[in-house]
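Colleague: Here is how the chains run, residue by residue.
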Amino acid sequence: MDIVKMWQVFWEKFSNPDTLKIVFGTGLINTLLIAVLGLLIGIVIGTLIATVKVMPKYKLLPRVLDKICSVYVGFFRGTPIVVQLLLTYYVLLPLCGVSFGSLNTAILVFGLNSGAYVSEIMRGGILSVDSGQMEAGRAVGLSYSTTMMKIVVPQAVKNILPTLGNELIALVKDTSVVSFIAVVDLYKTFQEIGNRTYEYLMPYLFMALIYIVLVALISLGIKWMERSLRKSDRRN
Amino acid sequence: MIDVINLTKKYGDLTVLDGITETIHEGERVVIVGPSGSGKSTFLRCLNCMEDPTSGSIIFDGEDLADMKVDINRHRQNIGMVFQQFNLFNNKTVLENITLAPWLIGRKKVKGRAARAELKAQITARAHELLQRIGLDDWADKYPSTLSGGQKQRVAIVRALAMNPKVILFDEPTSALDPEMVGEVLDLIRQLANEGMTMVIVTHEMGFAREVGTRVFFMDGGNIMEQGTPQEVFGNPKCERLQNFLAKVL
Ligand SMILES: Nc1ncnc2c1ncn2[C@@H]1O[C@H](COP(=O)(O)OP(=O)(O)OP(=O)(O)O)[C@@H](O)[C@H]1O
Ligand SMILES: [Mg+2]
Numbered sequence: 001m002d003i004v005k006m007w008q009v010f011w012e013k014f015s016n017p018d019t020l021k022i023v024f025g026t027g028l029i030n031t032l033l034i035a036v037l038g039l040l041i042g043i044v045i046g047t048l049i050a051t052v053k054v055m056p057k058y059k060l061l062p063r064v065l066d067k068i069c070s071v072y073v074g075f076f077r078g079t080p081i082v083v084q085l086l087l088t089y090y091v092l093l094p095l096c097g098v099s100f101g102s103l104n105t106a107i108l109v110f111g112l113n114s115g116a117y118v119s120e121i122m123r124g125g126i127l128s129v130d131s132g133q134m135e136a137g138r139a140v141g142l143s144y145s146t147t148m149m150k151i152v153v154p155q156a157v158k159n160i161l162p163t164l165g166n167e168l169i170a171l172v173k174d175t176s177v178v179s180f181i182a183v184v185d186l187y188k189t190f191q192e193i194g195n196r197t198y199e200y201l202m203p204y205l206f207m208a209l210i211y212i213v214l215v216a217l218i219s220l221g222i223k224w225m226e227r228s229l230r231k232s233d234r235r236n
Numbered sequence: 001m002i003d004v005i006n007l008t009k010k011y012g013d014l015t016v017l018d019g020i021t022e023t024i025h026e027g028e029r030v031v032i033v034g035p036s037g038s039g040k041s042t043f044l045r046c047l048n049c050m051e052d053p054t055s056g057s058i059i060f061d062g063e064d065l066a067d068m069k070v071d072i073n074r075h076r077q078n079i080g081m082v083f084q085q086f087n088l089f090n091n092k093t094v095l096e097n098i099t100l101a102p103w104l105i106g107r108k109k110v111k112g113r114a115a116r117a118e119l120k121a122q123i124t125a126r127a128h129e130l131l132q133r134i135g136l137d138d139w140a141d142k143y144p145s146t147l148s149g150g151q152k153q154r155v156a157i158v159r160a161l162a163m164n165p166k167v168i169l170f171d172e173p174t175s176a177l178d179p180e181m182v183g184e185v186l187d188l189i190r191q192l193a194n195e196g197m198t199m200v201i202v203t204h205e206m207g208f209a210r211e212v213g214t215r216v217f218f219m220d221g222g223n224i225m226e227q228g229t230p231q232e233v234f235g236n237p238k239c240e241r242l243q244n245f246l247a248k249v250l
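Top line first, the protein sequences correspond to chains A and B.
If you use this note's numbering, the first sequence corresponds to residues 1 to 236, in order.
If you use this note's numbering, the second sequence corresponds to residues 1 to 250, in order.
No wet-lab data here; the hints were simulated from the structure.
Treat the hints loosely; a few may be bogus.
Which residues of chain A face chain B? A partial, calculated answer using Cβ under 7 Å [as the list claims (entries may be wrong)]:
{"hint": "1", "residue": "Pro62"}
{"hint": "2", "residue": "Ser70"}
{"hint": "3", "residue": "Gly74"}
{"hint": "4", "residue": "Gly132"}
{"hint": "5", "residue": "Ala136"}
{"hint": "6", "residue": "Val140"}
{"hint": "7", "residue": "Gly141"}
{"hint": "8", "residue": "Leu142"}
{"hint": "9", "residue": "Gln155"}
Glycine included, C-beta positions come from ideal geometry on N, C-alpha and C.
Kindly generate the complete structure, drawing on both the sequences and the hints.
Modeller: Below, the structure is given as structure tokens:
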């Protein structure tokens with residue numbers, strides 16, 4: 001098949017309203033859902049872990065929590081996300097006797113996974129906030145955790161927003177493995193087009209293009225956010 | 001008001017406070033002077049357990065703050081602290097800097113939407129009052145980074161006042177300021193002194209120490225080497241190290 005023919009075959013299938021609906025209405029949406037919700041869960045988990053990591057370690061409880069967090073981060077950074085997906089979907093959830101759908105499982109696993117990475121980013125962010133902020137909070141009688149959540153973490157988040165944007169980009173790309181647990185994501189929809197037309201070059205090239213556009217849009221978003229943050233710094 | 005009993009603080013092998021026993025009485029304005037590294041800040045920070053004492057007791061309101069089991073947060077509400085570097089909350093407006101702690105702490109004690117709204121209004125009104133007092137009410141909605149050093153420190157002082165503390169601890173409140181801003185901050189502290197606020201002030205401003213202090217501690221090597229009224233300590237120093245120190249700074 002020559003290139004023109006390939007394109008025609010692809011385009012005929014792709015431009016079909018049913019296909020478009022699947023690609024953008026299901027595939028793209030699922031990809032974004034997993035990445036964005038995964039990141040949000042990751043930020044919550046990552047913030048909790050980072051808070052434990054920077055806690056003073058005089059007492060027993062923080063030391064125990066610290067160990068638990070280390071094991072958690074070690075597991076999620078030490079195993080491929082595909083393995084985590086498979087283990088959760090085919091082993092862990094059935095063992096526990098629960099099933100809440102492959103999409104929800106993917107969101108959960110990406111959230112747990114991202115939590116491990118965000119915890120490191122967040123820890124750096126927290127350490128970048130002047131220690132005087134924590135002292136001032138404690139000196140007026142606020143607890144460690146209240147000062148952390150109301151004063152230190154908001155400033156840390158502001159410092160690490162660009163890095164979190166990069167985490168989102170990584171997540172968007174990593175979601176392309178969720179078809180392992182039968183989630184219909186962007187990749188799956190283009191693979192399906194290939195399966196129907198027996199021609200994979202154009203679908204995969206076009207898929208790559210969509211990923212590139214997605215990443216470019218997120219990068220633009222980050223740049224815009226950085227700029228407006230810098231502006232608010234000046235205005236402050 | 002604060003009974004310090006046999007307070008020691010060690011960092012590893014380094015003994016920074018060497019068994020200090022002292023009482024700070026209500027209405028007193030204790031000024032602490034001494035050479036750099038003598039333990040002034042450490043002593044002050046032990047008073048509200050920002051540094052945990054290695055041994056000894058800090059008795060305040062009938063409880064030993066050095067005891068890990070006391071609710072230190074509750075006591076710190078009654079012990080204001082003002083830092084050399086101001087430490088205003090950067091992510092909060094000037095007004096929020098003042099209202100944050102009274103609100104977060106106060107709202108736990110009242111039940112119901114109406115009562116909470118009333119509390120919030122009260123706290124906000126009080127914060128505006130405090131800002132008016134230091135002439136910065138127009139800055140209420142600005143962020144700390146737009147303020148000058150002197151303005152920041154005055155906000156930090158009223159932030160402490162907003163908790164209605166029984167005593168305020170100052171650690172070199174003017175050392176990070178440009179010279180032209182020192183006056184406005186000292187004026188505010190002087191006002192508080194005249195109103196009878198109990199204060200403990202670490203400072204290098206000897207003139208101010210002399211003027212505002214009711215009692216002066218001279219610290220050296222982790223001990224209070226000499227103390228007395230400003231007249232005694234500055235006018236008639238007994239120990240040789242204090243004489244040398246004064247010769248250098250006066
Ligand atoms: N966190 C710490 N770890 C180790 N050593 C410390 C710590 N904090 C203070 N020190 C040491 O304790 C000693 C007393 O320090 P402190 O800050 O109380 O002195 P200071 O009298 O306030 O001096 P300055 O006038 O310079 O502020 C110094 O030798 C200092 O190096
Ligand atoms: Mg000091």
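Colleague: Each hint: holds or not?
Modeller: Evaluated hints:
1. Pro62: violated (14 Å)
2. Ser70: Violated: closest Cβ of chain B sits about 25 Å from A/Ser70, beyond 7 Å.
3. Gly74: violated (31 Å)
4. Gly132: Holds. Min distance 4 Å.
5. Ala136: holds (4 Å)
6. Val140: holds (4 Å)
7. Gly141: holds (4 Å)
8. Leu142: holds (6 Å)
9. Gln155: Holds. Min distance 5 Å.
Going through the hint list in order, the structure does not satisfy hints 1, 2, 3.
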